[in-house]
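Protein chains in written order, with the numbering used here: chain A, 111 to 850; chain B, 561 to 835.
It should be emphasised that the hints constitute simulated quantities derived from the structure, not laboratory data. Given the structure is predicted, the values throughout are model-derived calculations rather than measurements. Even for Gly, the Cβ is constructed at its ideal location relative to N, Cα and C. Treat the hints with caution; some may be incorrect.
Unchecked claim - Pairs of lysine-lysine residues, derived as DSS-like cross-links and limited to a Cα-Cα distance of at most 30 Å, are as follows:
1. A:K606 x A:K202
2. B:K822 x A:K761
3. B:K562 x A:K820
4. A:K657 x B:K562
5. B:K562 x A:K202
6. A:K606 x B:K562
7. A:K237 x A:K254
8. A:K657 x A:K237
9. B:K684 x A:K657
10. A:K655 x B:K822
11. B:K563 x A:K657
12. A:K331 x A:K616
13. B:K684 x A:K655
14. A:K761 x B:K684
15. B:K562 x A:K655
16. A:K234 x A:K606
17. B:K562 x A:K346
Stated by the list, open to error - With beta-carbon atoms standing in for the labels, derived distance ranges:
18. A:A523 x B:L811: 45 to 51 Å
19. B:V818 x A:R532: 51 to 57 Å
20. B:V818 x A:A523: 20 to 26 Å
21. A:P435 x B:P603: 43 to 49 Å
What the hints assert, rightly or not - Computed list of chain B residues with no C-beta within reach of chain A, every gap over 12 Å:
22. A578
23. A640
24. L641
25. F681
26. D729
27. R746
28. A750
Below are the chains, spelled out letter by letter.
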Amino acid sequence: MRWLIGLLLFLWGAAPLWARPSEIEVTLFEGGEGLEFYTRAAEEFQRMTGVETHLQGDPAMADRMRMRVLEGSYPEVSNANIDIWNLIEHEKILPLDAWLDEPLPGGGTWRESFLPGSLNQYSKDGKTYGAPLVYVVWSVYYNKAVFRRYGLNPPDTWEQLLELCQTISEHGETPIAFQGRYSFYAQPLVEHTYFQLAGAENFQKLQAAEPGAFEHEAMVKALGLLDQLARDYFSKGFQGMSHTEAQLEFFQGRAAMLFCGSWLYSEMQDNIPQDFELGAFALPVPTSPQADPGLQYASSGYFFVFQDSANPEQGVRFLQHLTSPEVASRFAGERGIPVAVRDANQHLHPMMAPVALQLEEIRDTFGPRSGPTLAGLSQVWTDNLNLILQGTASPREVAGLMERQAQEVRAAAHNPDRVEVRHRGKTLLFLLFLVSGAVVGATSFNRGGVLSSAAMNSRQVAPFVLPSLLVFTLFFALPSLVALAGCLVRWDGVGKMEWVGLLHLKRMLLESDLFWLSLGHNLILMLVPALFAIPLALLLAYLLKQKVVGARFFRIAFFFPNLIGVAGILLWQQLYNPQIGPVNELLVSLGFSSFEGFAWLSSQNLYYALIPMAVWAAAGFNMVLFLAAMQSVPETLYEAAEVHGAGEWEKFRFITLPLIRDTVAVAAVLMVIGGMKAFEAIWLLTNQQPTSETHVVGTFMIRSLFVEQKIGQAAALACLLFAIVLVGSLYASKIAEEKR
Amino acid sequence: MKKSLTYSFLLFYLFLTAGPFLWLGLTSLKPSQEIFLSPFGWPRDPGLGNYARAWTVGHFGAYFGNSLAVTVLTVLATIALSAPAAYALARFRFRGVSALSFFFLSGLMIPIHLAVVPLFFQMKWLGLLNSRSGLFLVYLATSLPFAIFLLMGFFRSLPESLREAAVLDGASEWKAFWKVIFPLARPGVATVAIITFLGVWNEYLVAFTLLSGQGGDSVRTLPLGLANLTIVGQFRTDFGMVFAGVVIVMLPTLIAYVSLEKALTRGLTAGAVKE
């Protein structure tokens, strides 16, 4: 009997071994092109091969794949945008060469079926790791009706484009819509111009951040062009527009042109008016002897097969199906996106015909380089392009800044243990602050003196306390302690953990500009909302204390915004929308016409936008606290004051305020601590991509953790955050105790 | 004269707080095209199409159930665990009572972001990743400090004689607590209930971390769904669906709040004012 059970157990345990070969999992980034096409391809593949194909799409798939990597549970295939090079180095990505060179039944090899050069980006040491499907070229899209109206023709050079913009704006129309909330939409423009002016060799140096590459005169010129466009020809409030908002602006005829990659049609499909005539031309070239319109910026979207998945071979077969000329042509036709597969783009959707023409004129391409990118270089780009888009610095200044920052990034990559001391004074102040907190804590916590009366032994206490203690320790306290210890190691979640001591803490405090910038932003959120919310809450509480009809209703309505968290943030995101949001509408109708299309959520203005949000959310809560405190003030005091002829203001100023002073202090401290913990509002309103201008410590930490996978650095930031909140709370309890 | 000034200011502020919700509600009934063409008008042909899409495309149907299950369980368990603990810490004298109080209360100062990575590996080791029970345990643990903090204040304000009378009648400490003391702490318990509800119902980061792996899809919660919906909504320029999603997430909060409002204001102010 026992052997039978043993056998059954064995069979049950071993079942996955032979269940495996007939199943694969594909995890997809779900963007504008949707999932329908992939679902169909998966069904076909399943029918052809009998391999059960599970497809999973998610717009946040990159974040989820990073967790899957930590989890060690790999799907067979994914196209998520994660740090593939790190995975290649740890041999987690399957090289595709064995299959690429296999002859295909229809003649030729899989490798030969791709557009020339499109396999290069993920190739190293003769091995190829990524298979491309989507092929991206950059174009200037234009509204043919507008061009016809003013007798305009697609330009070849930037000078011609600028003239054309001038003509359009002289007719009182907006020349260009721009996706200004994401400054990286400007990067292909700048890189394209740089390449055309400085040549291929210098462009490679730029990508490697070699000394002098960013300071190059070509960069100053390229940035200057962007500067001029942004200043004179982009639509009003473009800094606050997301990609789809700007694209909608274009398709609704409110701007004549738009810079975009070739996914435009697919992303906007359902929102293009019936009679819209879409035109497109290649990015213009600068007037220069070197410039060559046949050289275009191009990149691809890649799929990868994971080595450690259950069934990598079938994963490759699925990719072969997905990139076969037949399926890829269908993709180009149905979704209107060019593909990196030979001869497939002739089937491109008719709406994208101008882009198909542009593709035919390409002689050679340049694009993202092969090999790991320097950590931090993309932040250098987004931050500085932002400066140009907002017009806060001149192109030459920005080129200089980029050069300096790029060299820092390079230095950090070459010598990861070096800490440059840049913020000694601030660090000293910070340590003083911590020490003062320790002193306050020591003096307030040895008061002991619990009011308890009943002496108990541990057996009596255990059932009361033990369950809470166990759960709290195991699932919150312990992991927090481990996390604090985590700041002493360097770890990317995949490779080996390395002991680095206090390096991360030192780097954050002494070297990192971003840390101090973020902390400064926290400081704004700690102080400014409190300055508005507390007087407002006092006023509301005072008014509600006068016997008003519907006081309960008012109280409920005023308090509710405090409760809704993430939903409230998303609500404000829409309220601030430059096109459909009521905030600008209201301001304009009140006569503040400069708020027409005002970009509240651009990184320059974000903190102005956050203040009303924070006040809106906090005022009601504080009001409830103050109201309760005011109601506990004895009426006789007011009566006595009235006898002495005190007016309303005197009564408030000399009786109410002093008696509720402590409650106000507690409320202020709570708001200050809340400002330190700020995270979600910034994270969501910047679409999870804060710039240096918008980071707070919380978002900086989450970016280190999930995006850059610098787990030790994230832990160091968490430690600092914890220390600040702890000291703040100690001060708070000190204030709260003093009044007793 | 003065009265009218009071009312006009209150009504003005009501416009600022309730206005956005009104706009949100109206807009959620319009198709996306109409939102762009006339964002402020009354919906021409109000319909629930946005809600239907959020429910299906955004998987809100399944997520709603998950959120509800995890939230209700967490609220109940938080009360069941924190009430006796708070009572013992507030009322009993035993060795290490102040150290223990401090230990629990230190949890108030830990930003949850801190613990996320070790929790991930701990849950992986326990085999609790991508499951509702794993999420529930973490939510319970993180809800306890505030619940204990708040209820300690409550139990301290109750007269000591109650317990003595019950114990003299022959009840054990345990029985005396649940039969006599606990029912008197109802406003405090209601406050804990709603605060825990809000915290868990709106929580994003922990849920994201613990439910993103293999098989996590079917157990995800509403905030994850809402965040995804906004991204999908942007890529597809389907803003109507986003508006509807926000309303769906907000409604249970509104219901819970209005029904527990009295107890909540009393509980909160007891903690912050008298203490």
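Now the hints, each set against the structure:
Restraint check for K606 (chain A) and K202 (chain A): the C-alpha separation of about 14 Å stays at or below 30 Å, so the hint holds. Among the hinted pairs, K822 (chain B) with K761 (chain A) is consistent with the structure: their alpha-carbon atoms are about 28 Å apart, no more than 30 Å. With a C-alpha separation of about 60 Å, the suggested pair K562 (chain B) and K820 (chain A) falls outside the 30 Å cut-off, and the hint is violated. Only pairs whose Cα atoms come within 30 Å are accepted, and K657 (chain A) paired with K562 (chain B) is accepted, the gap being roughly 12 Å.
Annotation: proposed proximity of K562 (chain B) to K202 (chain A) is violated, straight-line Cα distance about 74 Å (limit 30 Å). Distance check on the hinted pair: K606 (chain A) and K562 (chain B) sit about 71 Å apart at the alpha-carbon level, beyond 30 Å; violated. At roughly 45 Å between alpha-carbon atoms, K237 (chain A) and K254 (chain A) are farther apart than 30 Å, so this suggested pair is violated. At most 30 Å may separate the alpha-carbon atoms for a hinted pair to count; K657 (chain A) and K237 (chain A) exceed this at roughly 79 Å.
Under the criterion of a C-alpha separation no larger than 30 Å, the hint pairing K684 (chain B) with K657 (chain A) is inconsistent with the structure, at around 57 Å. Of the supplied pair hints, the one linking K655 (chain A) and K822 (chain B) holds, its CA atoms being roughly 16 Å apart against a limit of 30 Å. The hinted pair formed by K563 (chain B) and K657 (chain A) meets the criterion: a straight-line CA distance of about 10 Å does not exceed 30 Å. Between K331 (chain A) and K616 (chain A) the alpha-carbon distance is near 38 Å, which puts this suggested pair outside the 30 Å criterion.
Taking the CA atoms of K684 (chain B) and K655 (chain A), the gap is about 53 Å. The hint is violated against a cut of 30 Å. Using a Cα cut-off of 30 Å, the hinted pair K761 (chain A) and K684 (chain B) is violated, with the two alpha carbons roughly 61 Å apart. Using a Cα cut-off of 30 Å, the hinted pair K562 (chain B) and K655 (chain A) holds, with the two alpha carbons roughly 14 Å apart. At most 30 Å may separate the alpha-carbon atoms for a hinted pair to count; K234 (chain A) and K606 (chain A) meet this at roughly 23 Å.
For the suggested pair K562 (chain B) and K346 (chain A), the alpha carbons sit about 44 Å apart, so the restraint of at most 30 Å is broken. Between A523 (chain A) and L811 (chain B), the C-beta spacing of about 50 Å keeps the proposed range 45 to 51 Å intact. One distance hint, 51 to 57 Å for the beta-carbon pair V818 (chain B) and R532 (chain A), holds here, with the actual separation near 53 Å. In this structure, V818 (chain B) and A523 (chain A) break the distance hint of 20 to 26 Å, their C-beta atoms being roughly 56 Å apart.
Between P435 (chain A) and P603 (chain B) the beta carbon distance is about 47 Å. The supplied range of 43 to 49 Å therefore holds. Some Cβ of chain A comes within 12 Å of the Cβ of A578 (chain B); the nearest lies about 5 Å off, and the non-interface call is violated. A beta-carbon of chain A is positioned within 12 Å of the beta-carbon of A640 (chain B); the least distance is around 8 Å. Non-interface call for L641 (chain B) relative to chain A: violated, since the shortest CB-CB distance, roughly 5 Å, does not exceed 12 Å.
With a minimum CB-CB distance of about 8 Å to chain A, F681 (chain B) fails to clear the 12 Å threshold, and the non-interface call is violated. No Cβ of chain A comes within 12 Å of the Cβ of D729 (chain B); the nearest lies about 15 Å off, and the non-interface call holds. R746 (chain B), annotated as away from the interface, keeps every beta carbon of chain A farther than 12 Å; the closest lies near 18 Å. Here A750 (chain B) stays apart from chain A, with its beta-carbon at least about 14 Å from theirs, past the 12 Å limit.
Hint compliance for this structure: hints 3, 5, 6, 7, 8, 9, 12, 13, 14, 17, 20, 22, 23, 24, 25 are broken, all remaining hints hold.
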